[in-house]
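**Q** Assemble chain B onto chain A, guided by the hints.
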Amino acid sequence: MNLESLLLMRSEIGLLAIIILLIIFEIFSNKKQKAAIIPFALILLAINTIIGFLPLDSGELFGGMFRTNALLYFFKTTLSLGVLILLLQSADWLKEKVVAENKATEFIVLILSSLLGTYFMISAGDFLMFYIGLELTTLPVAALVAYETYKRKSAEGAVKYILSSALASGASLFGISLLYATTGTIYFEAMAEILASSNLAILGMIFFFSGLAFKISLVPFHFWTADVYEGAPINVASYLSVISKGAAVVILMIILFTVFKPLIPVWTKIVYIVIIATMFVGNLFALRQQNMKRFLAYSSITQAGFILLGLLSIDQLGTATIIYFVAIYIFSNLGAFGVVQAISTASNKENMDDYEGLYRTNPKLSLVMMLALFSLAGIPPLAGFFGKFFLYAAAASKGYYIMVFIAVVNATIALYYYLLVVRAMFLRKSDHPIPYFKSGNYMRLGLLIAAIGILVIGMYSPIYEYIYSFSNVFLN
Amino acid sequence: MDILSLFVIVPIITVLALIFAKNLKQSRIVALIGMAIQFAMSINLIFAYLKERAVNTDIMVFTKDALWFQNFNIHYSIGVDAISVVMIALTSTVVLAGIFISWKINDLPKEFFVSLITLASGVFGFFISTDLFTMFVFYEIAVIPMYLLIGIWGSGPKENSAMKLTLMLMGASAVLSVGILGIYFNSNADGGPLTFNIFQIASVNIPVAAQNIFFPLVFIGFAVIGALFPFHTWSPSGHASAPTAVSMLHAGVLMKLGGYGIFRIAMYLLPLGALNWSNFFLILASFGVIYGAFGAIMQKDLKYINAYASVSHLSLVLFALLMINKIAWTGAIIQSLSHGLLTALFFALIGMVYGRTHTRELSKLGGLMKIFPFIGAFYVITGLAYLGLPGFSGFVAEMNVFVGAFQHPDMFHRILTVIVVSSIVVTSVYVLRMVGKIMMGPLTNQEHAKLPKATWYEKVGLVLLMIPVVIIGVMPLGLSEMLKASIQPFLERLL
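Those protein sequence lines, which keep their order, are chains A and B.
Going by numbering that gives the first Met the number 0, the letters in the first sequence line up with residues 0 to 475, in that order.
Going by numbering that gives the first Met the number 0, the letters in the second sequence line up with residues 0 to 494, in that order.
Chain A with its partners taken away, still in its complex shape (with noise of 0.2 Å):
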């Protein structure tokens, strides 16, 4: 190992150095300087992506337990974009409410430090480096729920996030010591060539599967979900539901894909059966929602249900369109939680009667609002379409006909309440209307990238064929 084998490393190490960077400044900087962390970290971060779309190659570190190539690479450089995005449309609110707490810098560096968790645990190569990822991407997010201290249902919802954590984590390592137990190895490769179908290497895999679920709010792991969405500042409801969500989808599938490789019978049972649960319950419960935070935690909820349904394929067509289902849904539920960050910062209204009459007072809004979530149920020529119509033919492409007509009729339920959203901003007029607001550059420049996003991502069409070119790295 040579010191230019660490440039494998790069979006790590850039993503360290900002938080360093981020540290050093909030120790010298004055009170008056405090607000300028945030265009500092803007621009740090808007760096480390743009770098991020310069080629890298494959490879691995530590002996195995750091791995790299194309497909992880990209994924990075997408959870970074979202990341950015999500820190724009944090902007106002981190200057007008957070700064003045002297509060700003941490906010930035957990945010960054969880995204740091998630590149670690993508990329990881065992089961220590994975667990390692996933506790540094919750803990920071558990303090994030926690942030508006004075506000009681936040300190709810971190609770309930640190102790259903623990428990998922808890779970997920006792089924790695199960494995650990059937055959004597930490390292996803070796233990894909030992590892047999017996009673407790499956029991081993369920409560891994488990642990995962958790973070992924899978049925019927899902209990924390809405109470956390509600209870935390939006963006970081957002965050949870976009980025961390995320890369558990994408580290579920490729250790499904390589290490389970031998289970598969068992898993796409497994699989099928919540996917039909998740589907079914984020659905029936996103339908009576108020509150939008809660509104939207249930139809993330019901959208991890369609992402896994590229899992039944098993091949490259189901690895590309689940990275380009999740690159989509980032920029989409961006969308409608910047949205929703907006009007939340301007007028303090979070419920879904408060939006009636919004297209006559604030057009701009509804329309991302309306695009971000005419993207989730999927109406072309939005992204959302491609991406559902795709996860469709992969789980269709292995003859999962059933499976796919029961993932349409909840297509059609989910249009239901994205629906009920847009009566309430275009269709209804209201006495007491949130009136005209001008949101700040930041916000704006967030939400235009995701407008963007929603609209180029399924048209452009070599997007998606950039993606499958690298999908078959974790098969073979």
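One or more hints might be untrue.
Taking CB as the label site, the calculated pair distances span [to be verified]: (1) B:F19 / A:P264: 56 to 64 Å; (2) A:N440 / B:T454: 19 to 27 Å; (3) A:N440 / B:I18: 39 to 47 Å.
A few chain A residues that face chain B, going by a derived Cβ cut-off under 8 Å, partial list only [as the list claims (entries may be wrong)]: (4) I378; (5) A395; (6) Y400; (7) L414.
Here are the simulated DSSO-like pairs of lysine-lysine, each with C-alpha atoms no more than 30 Å apart in a straight line [said to hold, decoys possible]: (8) A:K102 / A:K150; (9) A:K437 / A:K363; (10) B:K103 / A:K363; (11) A:K348 / B:K109; (12) A:K33 / A:K96; (13) A:K397 / A:K31; (14) A:K363 / B:K109; (15) A:K348 / B:K163; (16) A:K437 / B:K21; (17) B:K21 / A:K363; (18) B:K103 / B:K483; (19) B:K363 / B:K63; (20) A:K437 / B:K109; (21) A:K363 / A:K428; (22) B:K483 / B:K50; (23) A:K428 / B:K452; (24) A:K363 / B:K24; (25) A:K159 / A:K94; (26) A:K348 / A:K33; (27) B:K24 / A:K428; (28) A:K94 / A:K150; (29) B:K163 / A:K428; (30) B:K163 / A:K363; (31) B:K109 / A:K428; (32) A:K348 / A:K152; (33) B:K103 / B:K325; (34) B:K369 / B:K299; (35) B:K103 / A:K428; (36) B:K369 / B:K449; (37) A:K268 / A:K94; (38) B:K24 / B:K103; (39) A:K102 / A:K30; (40) B:K24 / B:K449.
Think of the hints as simulated: they come from the structure by calculation, not from any bench.
Ideal Cβ positions, reconstructed from N, Cα and C, are used throughout, including at glycine.
**A** The following block gives chain B in isolation, referenced to the frame of chain A:
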């Protein structure tokens, strides 16, 4: 730029131009210019098609193909035959007339025209596509603006009607997407590559077991928008709540996507499934014809009468398609055209009456002919054309359908035909009763005596729709010859 892609590009440019419009005047001028260009292009397309057809014997002409998603073999591939050409002409006529009818829309005019023209671009795209995926994309683009159009500019219980309509149609298209995937993953049955291209799939022998599963999915997926009984329930409430131009466009054009899709996809790509299932769906379609007609008799609201009449007339299209022979199919397509124009006329006229009297109740209207004779006269003519008076398009269409249907030698088809023919009588009952009640007779409400006459834009809209009705009625031969040549390759798959 090729002649067909322009049909999608012009509406998109119009929509983009509309974004910069500031008020009603600017919006309607932009919309009018865009759709007038579209209309001129569609007339041009008819002649260009006839010219091209004389030298080109392919199923589709003006074809163009561009790869879109390589991994799925999805193409943006387009082409037209006689059927798509006449459907495009119908669409552009109705849309243009719709712009005239919406001349005075005052609530959010820009958004109205944007939604209307987005919808139109989806319809045009649907009619020119020859790739299943592209077609499906355009189909959904055509459906979703309906929610805003009914929900924002509608009347009555508009929110519920809009939601019901959108969910039923999108639910159907969800079912359709399963069918499309089923076709796609069976398109390599002969060892070729997977493809979405309609004509490549048509050359593959999809196993009969798969056809039996996927035919009903595709059929129902399209038939819901074609108002097949018992999936028609979105239609009456949706049409009744929609603003005039939207009812026109929806009943006149959007519902035709159903019949067209069944003809172009369900029956063409899954012929064995079609033959196995045809009797079942035939019974549903026949029931729809009778049910719609009796439903229309029972209604007291003008829009509901017309909505049920549309259910009846569009079930007749499905009925004719399921009869699977050349004359019936020609009839089905002429019926689509004829119903598209006539129902648009009816909705336009109802809109004019309602806009003046503020009621659609049959019992509260009467003797209006003297008040606004132009509208009255058109109402009578449209009514007569609707019930199939010779000299208008309705007669040509129904004649073809029933002659074709009765050609089946077996008892089952003949009895069904006899039953369905009887709907003509019922149609006359409700049309004549409606026209007689509201136009003739004494003036029921003296307030109505002061109502204004038809304005220039209303007249233009009506005349625009009436001209093709008369042309088809007087000179049906040219049209049916043109259609028959294009029907042949599709029919051959089923014989």
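**Q** Each hint: holds or not?
**A** Now the hints, each set against the structure:
1. B:F19 / A:P264: 56 to 64 Å: At roughly 59 Å between Cβ atoms, A:P264 and B:F19 fall inside 56 to 64 Å, so the hint holds.
2. A:N440 / B:T454: 19 to 27 Å: For B:T454 against A:N440, whose Cβ atoms are near 48 Å apart, the range 19 to 27 Å is violated.
3. A:N440 / B:I18: 39 to 47 Å: violated (22 Å)
4. I378: holds (5 Å)
5. A395: With Cβ-Cβ at 4 Å, under 8 Å, it holds.
6. Y400: holds (6 Å)
7. L414: Since chain B brings a Cβ to about 6 Å from A:L414, closer than 8 Å, the hint holds.
8. A:K102 / A:K150: Between A:K102 and A:K150 the Cα gap is close to 16 Å, so the pair holds against 30 Å.
9. A:K437 / A:K363: holds (10 Å)
10. B:K103 / A:K363: holds (25 Å)
11. A:K348 / B:K109: holds (29 Å)
12. A:K33 / A:K96: holds (13 Å)
13. A:K397 / A:K31: This hinted pair is violated, its Cα atoms lying about 61 Å apart.
14. A:K363 / B:K109: Status holds; Cα separation ~14 Å.
15. A:K348 / B:K163: Measuring from Cα to Cα gives roughly 29 Å; hence the hint holds.
16. A:K437 / B:K21: Given that 30 Å is the threshold and the Cα spacing comes to 20 Å, the pair holds.
17. B:K21 / A:K363: holds (15 Å)
18. B:K103 / B:K483: Between B:K103 and B:K483 the Cα gap is close to 41 Å, so the pair fails against 30 Å, i.e. violated.
19. B:K363 / B:K63: violated (55 Å)
20. A:K437 / B:K109: holds (22 Å)
21. A:K363 / A:K428: Distance ~17 Å between A:K363 and A:K428 Cα, so the pair holds.
22. B:K483 / B:K50: holds (17 Å)
23. A:K428 / B:K452: This hinted pair is violated, its Cα atoms lying about 33 Å apart.
24. A:K363 / B:K24: holds (22 Å)
25. A:K159 / A:K94: Answer holds: A:K159 to A:K94 is near 28 Å, not above 30 Å.
26. A:K348 / A:K33: holds (28 Å)
27. B:K24 / A:K428: holds (24 Å)
28. A:K94 / A:K150: holds (19 Å)
29. B:K163 / A:K428: Distance of about 20 Å is within 30 Å: holds.
30. B:K163 / A:K363: holds (27 Å)
31. B:K109 / A:K428: holds (18 Å)
32. A:K348 / A:K152: holds (16 Å)
33. B:K103 / B:K325: Roughly 44 Å separates the two Cα atoms, so the pair is violated.
34. B:K369 / B:K299: holds (22 Å)
35. B:K103 / A:K428: holds (21 Å)
36. B:K369 / B:K449: The hint holds at about 11 Å.
37. A:K268 / A:K94: violated (49 Å)
38. B:K24 / B:K103: holds (9 Å)
39. A:K102 / A:K30: With a Cα-Cα distance of about 12 Å, the restraint between A:K102 and A:K30 holds, given a limit of 30 Å.
40. B:K24 / B:K449: Roughly 27 Å between the alpha carbons, so the hint for B:K24 and B:K449 holds.
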